[in-house]
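Let the hints inform the model, and build the full structure from the sequences given.
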Amino acid sequence: MDGLCFPRSSNNSTSLMHLATGIIESFIPGYGDVARYMTETFGFDFNIFVSAAAHIVTLLAALRFLWSQCRIFGLDYIMSSIHFDERDEMFTTILNWLAEQNVGKSATKLKAASNQPRQKQIEELEDDDGFDASELFHAGRWSAKSIPLYELFFGRYRFWRGCRLFILERQRREKVARYADEENIVLKTLGWSTEPIKELLKTIKIWELEQEKSKTMVWSPQSKDVRRYQGAWRRVASRPTRNINTVVLDAQQRAELIADMNEYLQPRSYRWYASRGIPYRRGYLFHGPPGTGKSSLSFALAGLFGLDVYIISLLDPQITESDLSALFSSLPQRCIVLLEDIDSAGLERDQGSSKNKKDGGKRDYSEHTESITLTDEELTGGISLSGFLNAIDGVASQEGRILVMTTNFPEQLDPALIRPGRIDNQIAFTLAKKDQMREMFLQLYWNETDPLETKPSRELRSARTNNHARPFSAETDKYLRPLLQQKQVTYDINELEKLADQFVGAIKEDTFSPAEIQNFLILKRKDPHQAVQDVDAWKCEVLKAKESGSNVVTGIES
Numbered sequence: 001m002d003g004l005c006f007p008r009s010s011n012n013s014t015s016l017m018h019l020a021t022g023i024i025e026s027f028i029p030g031y032g033d034v035a036r037y038m039t040e041t042f043g044f045d046f047n048i049f050v051s052a053a054a055h056i057v058t059l060l061a062a063l064r065f066l067w068s069q070c071r072i073f074g075l076d077y078i079m080s081s082i083h084f085d086e087r088d089e090m091f092t093t094i095l096n097w098l099a100e101q102n103v104g105k106s107a108t109k110l111k112a113a114s115n116q117p118r119q120k121q122i123e124e125l126e127d128d129d130g131f132d133a134s135e136l137f138h139a140g141r142w143s144a145k146s147i148p149l150y151e152l153f154f155g156r157y158r159f160w161r162g163c164r165l166f167i168l169e170r171q172r173r174e175k176v177a178r179y180a181d182e183e184n185i186v187l188k189t190l191g192w193s194t195e196p197i198k199e200l201l202k203t204i205k206i207w208e209l210e211q212e213k214s215k216t217m218v219w220s221p222q223s224k225d226v227r228r229y230q231g232a233w234r235r236v237a238s239r240p241t242r243n244i245n246t247v248v249l250d251a252q253q254r255a256e257l258i259a260d261m262n263e264y265l266q267p268r269s270y271r272w273y274a275s276r277g278i279p280y281r282r283g284y285l286f287h288g289p290p291g292t293g294k295s296s297l298s299f300a301l302a303g304l305f306g307l308d309v310y311i312i313s314l315l316d317p318q319i320t321e322s323d324l325s326a327l328f329s330s331l332p333q334r335c336i337v338l339l340e341d342i343d344s345a346g347l348e349r350d351q352g353s354s355k356n357k358k359d360g361g362k363r364d365y366s367e368h369t370e371s372i373t374l375t376d377e378e379l380t381g382g383i384s385l386s387g388f389l390n391a392i393d394g395v396a397s398q399e400g401r402i403l404v405m406t407t408n409f410p411e412q413l414d415p416a417l418i419r420p421g422r423i424d425n426q427i428a429f430t431l432a433k434k435d436q437m438r439e440m441f442l443q444l445y446w447n448e449t450d451p452l453e454t455k456p457s458r459e460l461r462s463a464r465t466n467n468h469a470r471p472f473s474a475e476t477d478k479y480l481r482p483l484l485q486q487k488q489v490t491y492d493i494n495e496l497e498k499l500a501d502q503f504v505g506a507i508k509e510d511t512f513s514p515a516e517i518q519n520f521l522i523l524k525r526k527d528p529h530q531a532v533q534d535v536d537a538w539k540c541e542v543l544k545a546k547e548s549g550s551n552v553v554t555g556i557e558s
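Residue 1 is where the sequence shown starts when you use the UniProt record's numbering, and the numbers rise one by one after that.
Source of the hints: derived by calculation from the structure; they are not laboratory data. A hint or two may mislead.
Computed Cβ-Cβ distance ranges for the label pairs, DEER-style [as the list claims (entries may be wrong)]:
no.	residue 1	residue 2	range
1	493	276	48 to 54 Å
2	393	228	39 to 45 Å
3	551	421	35 to 41 Å
4	551	272	46 to 52 Å
5	525	105	40 to 46 Å
Lysine-lysine pairs mimicking BS3-like chemistry, simulated, CA-CA at most 27 Å apart [as the list claims (entries may be wrong)]:
no.	residue 1	residue 2
6	433	544
7	539	508
8	526	498
9	213	224
10	433	539
Heads up, the beta-carbon is just placed ideally off N, CA and C, and yes, glycines get one too.
Take a look at the structure:
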């Protein structure tokens, strides 16, 4: 019987070898011929090695799979974690902080971040290294200095913070109903407590505040098609904080406004409002002629108190009443909501809109209805007055926010918009007064550590446009050369005060807006003596244009 078993075993083995050869042949055409050649040439069965290698590879793959599953479940059991999706504000902050700490610098895969952070863009705008003011600026040479930015690619990264190991996982999940995949990050550390991760997040938040302490964040409504996935608001700008003293406003009025807003923002004020059943909201109306600094004051106050600015345009056709309510309900507890030029939002009362056509456009502030419709000439999202008022002070509206509305024509506003409780304080802006013009003059020309004080300049390079081959004409070069080589000079404060008195003495107050005066001074920013010398001619030309109703001011040289 033993003799009968061996041949059977040999036949079975041969059959299996042929079966394996047939399978491999189906995936690798020509394998059978190669195997026979190797067997005939070297005198051993090549299929034995192939079968053994296949078994080893299969075994290693199985072991690797089992180890990965055990590691995942094991680590999840002994590690704590905090998850962040891409809509969370900390998502981008964590990635930026990791890049600052050079986490993953040796990684073989990185993700290009073509949209640079606002902080990085501002640093590049301020960077003048290697540029001479006596040469023509060239955007190509300047942008070439910009270093591309990169982020961590999807995967797992380890880093140490002190004596503790942290693990960051950046993940991506495909979404059929979305325009793009959903991203999230996970922070993990050994232990059953999330406190170490929370301490790390506190450190990251402090780092972010340090990076942005001199910046004011500006937000606008997210586009409608992505609002449900990425939140109601998106950050659109990060602008340098404006000094409150640079806003032209009466000193007493400025002080009272700062004190009023500071009192409102104090934490104890919330308890005071709540104990008396008063909604914890504050509204301001900034009104006055164009160019008097209404919007500038809003941003200056935001910088003073470290608040973000949220801008809404009622003329946006994508914003409906429900969208407006959602936007206000999703505001943070401390922020400034800015509604600019509320008088030009194209809003009219129902009964007044038809009557306006008969009475020459005069508005009818009837008390019979609170419905707002749109004029035929202007297209908005069709927001009614009741819907607008419910959004700004309804039950679902966020408490703690500051609403600022600006207008050039306060008398054209509907009384329902500015009644007490919605607008708590009205700030009037006027044309420039004497003391305001003097303050503007001194602020623009005097700085103890003037950042524009020029370095020793090199000679203008042979009248060429940024070293390009085509030179200027001799006539152009004759005028351009002295203008480019004009230096920024710092002046003694006593001398500037005398020049300021001369400048103010030449202009009648309540005649020009602060923006008009500032624009003139900027044209003469390198030479206050020239500003004093040319102010009379500028004044006459501007007044002449205003009297004739022209928008063109001639005869003004820089």
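Hints numbered earlier in the text: which of these fail when held up against the supplied structure? 2 and 9
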